[in-house]
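J.: With chain A fixed as given, assemble chain B onto it according to the hints.
Protein chains: 2
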Amino acid sequence: MSDHAVPFDRDAIRGIQRRLQFDVQTASIREVNAIVNAIERDLGVRFIRMEFGVPGLPASPIAIEAEMRALCDQQLAHVYAPFEGVPALKEEGARFWKLFTDLDLPPHSVVPTVGAMQACFASIALASLLKGPASTILCLDPGFPENKLQMRLFGARHESLDLYYYRGDALVRAIEARVRRGDVTAILWSSPNNPTWVVLNEAELAGIGRVCDRYDVFAIEDLAYFGMDTRRNYLVPGEPPFHPTVMRYTTRAITIVSSSKMFSYAGQRLALMFLSPSLSDLRVPALTARLGTDNVARGLIGGIVYPNIACAPESSQYGLLAMLKAANAGDQRLFEPARVYAARAKVMKRLFLEHGFHLVYDNDLGEPLADGFYFTIAYPGYENGADLMGELLHYGISAITLAAAGSCRREGLRACVSMTSEGQFDTLAIRLRRFHEDHPA
Amino acid sequence: MSDHAVPFDRDAIRGIQRRLQFDVQTASIREVNAIVNAIERDLGVRFIRMEFGVPGLPASPIAIEAEMRALCDQQLAHVYAPFEGVPALKEEGARFWKLFTDLDLPPHSVVPTVGAMQACFASIALASLLKGPASTILCLDPGFPENKLQMRLFGARHESLDLYYYRGDALVRAIEARVRRGDVTAILWSSPNNPTWVVLNEAELAGIGRVCDRYDVFAIEDLAYFGMDTRRNYLVPGEPPFHPTVMRYTTRAITIVSSSKMFSYAGQRLALMFLSPSLSDLRVPALTARLGTDNVARGLIGGIVYPNIACAPESSQYGLLAMLKAANAGDQRLFEPARVYAARAKVMKRLFLEHGFHLVYDNDLGEPLADGFYFTIAYPGYENGADLMGELLHYGISAITLAAAGSCRREGLRACVSMTSEGQFDTLAIRLRRFHEDHPA
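The listed protein sequences correspond, in order, to chains A and B.
Per numbering that gives the first Met the number 0, residue 0 is the first one in the first sequence, and the count goes up by one each step.
Per numbering that gives the first Met the number 0, residue 0 is the first one in the second sequence, and the count goes up by one each step.
Next up, chain A with everything else stripped away, as it sits in the complex (with noise of 0.2 Å):
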């Protein structure tokens, strides 16, 4: 049924929006999801699922048999694990972070947090009360739409620069001229990006970094992607080419890697929150009355995180130990998730770029843009990207906006390759085809 005939019946599909009060312009990522699994049952066909983020790849079985260690034979489920984390992972992850990124790191600077969600929610209240209600935090967009909702939540003002206008000499020096006004708090992005997949490089992050230092201001990295911009191979541990952080360059870093893309371990929530050393003596007294301390480190953990959810999922902490363990040893078939994400990206790339469509962000220095979890699509005529993504719902191709995702680029799809397996290339590409036939430029 994958091949039914695309445009699928467009009565039937106005009928599906009209009783799900689809509104394709103000449509969440949930909405869009709830709009195709309604198509799919009602007409009997299968979507090209483009619009979530999720692993589609199962999690390795060094994480499933750690876990059931953990919950058999040490009979853990019962204990609260130390809330600053199991020592042994927090051992583990240091050790990860000195062979990956080539930086030393006490364990005590490492923490485990319910997911790379729970990382940013903390990271982000921090940096609520660094600078008292008026402050800002400054967002390298677009990004993670979640952020925002995290941001909102305390009451946190951001502002943003679009990596679409701003890259290189030009983001470092629009960075530092809003930073230098003074109520700066922090600034937030993900590298590899969510949703434009461009790779923030040395030159960007030793920029950013000098500017963290110079003003006092916090780097808050999320890496949810780690390891898998597969231009260079960062995988092999211990050696050069060292993965990209802007830790190397600040004392000010908070750096979060999640487990969920790079492991396939979403479900079981867990990632590393990785702080410069020297947040453990850092003090800021304007902390002092929400967190009791004003030690940064202390207030984050013990402040923050702690009260937040006591400790993280004990068994899920045996998981990942047992994964950065087979990672640090050199195990590279913990790495293959990034591999197939890769693959898949080169091929449904092309297979967009040959009808018609053309990448939105598509700058990366100078380098061809990395293949991995996302790509940014838009297509001839269309200047928002809401009808785009309408009109590909009745071609069986379902994505979000980019809008959606805070970025300044109105025309703009984000599509995500982790559901679509190789035997659905055929059917893409016939898809697309059809699109082009049917929307000639």
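The reader is advised that the hints may include incorrect statements.
Heads up, the list lumps identical chains together, so a pair's fine if it works in one copy or across two of them.
What the hints assert, rightly or not - Subject to a maximum C-alpha distance of 25 Å in a straight line, what follows is the list of computed SDA-like cross-link-like pairs (lysine to any residue):
| id | residue 1 | residue 2 |
| --- | --- | --- |
| 1 | K130 | R156 |
| 2 | K130 | S279 |
| 3 | K130 | E39 |
None of these hints come from the bench; they were simulated from the model.
T.: Below, chain B without anything else, positioned relative to chain A:
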């Protein structure tokens, strides 16, 4: 070595205290824990450890097997659970609520969280937003100390009514007198109460519920010790007596049921938040700015819980689901921890009372206090619980002060039975007898 003669070497203990900079007057629960660990190690002795409120019994094999099925057979580890919870768990939770409280609840009003800690965190965040920045949360104290850290983080004011002075009609009158001033957003308590193990009765709950409805105030009811008041058998599904809850008496309840203590499942971090059905329709315009909606239930789930953790850990949701299914089917093995702790408390409390101690909170409105996870103790001649705690350290018995839990009773200690097995009762008796001999009243 558990029979090592008491009191221990006073010089040695003084030395350890100096080395750890231990101040009995200001010691946190973690510092008490650390000093006891050090004394045990250095002196080769074993304490009767009553300082930590952690489960001491292994989790049910029903949960462990269900988790393993989720991980191995269902291959769920790489999948994000729905952010509002696994549907089957929400349904089984609603069934649990009906069978054990006789109250109807739609599944969408049941929300899994990362332990009761996150559920309290989210409820307090909500309460802090309901009536603007000058509003107050009214705590029935003593209580779970971490709730105060949560209020501090959100900048929520709180005031306290102490259950030592206020019970029954007097409690309800005192609550109403305070709430009438208009700035209270929520009333927060735990019952059975940590640390006193007093239990609010139906008349008190009815009174509090009436006040909540009358003054638009939320009840945040922490049932972390659900079913663990063993004076009545609340644990036969579908049969009276039904478990007490304020939700029977108000349309504005958020009731939190932890799996940590009742089911000894603390490490896997799973609790359920039960929301009064009317919260799905209730609108509070003040919420929109921070939660993106004025709808209370949607704001709590989509504006707080979701951007905090994305979703609760997947395999643990299946573990709790299996336990609820068994409990709902009448499998009494699930509730065994409550009975074990009650049996321990019965003996241990008697031993303390036989050797000159008395209970601090002993008023359960004419009923004998239930036997359960905690009880409260004081000793003649000790006006300061910290001094009593410091002296008991020499007798191999550890506890924490009631002051640390927000109690007005400075003389008292909280004693938790969970880590003391039956085989240690003789040692406890010997130590208490010696303490009593050395400290004639």
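J.: Now tell me if each hint is right for this structure.
T.: Hints, one by one, checked against the model:
{"no.": "1", "hint": "K130 with R156", "result": "both (12 Å within a copy, 21 Å between copies)"}
{"no.": "2", "hint": "K130 with S279", "result": "within (19 Å within a copy, 36 Å between copies)"}
{"no.": "3", "hint": "K130 with E39", "result": "neither (50 Å within a copy, 44 Å between copies)"}
Of the numbered hints listed earlier, the single one contradicted by the structure is hint 3.
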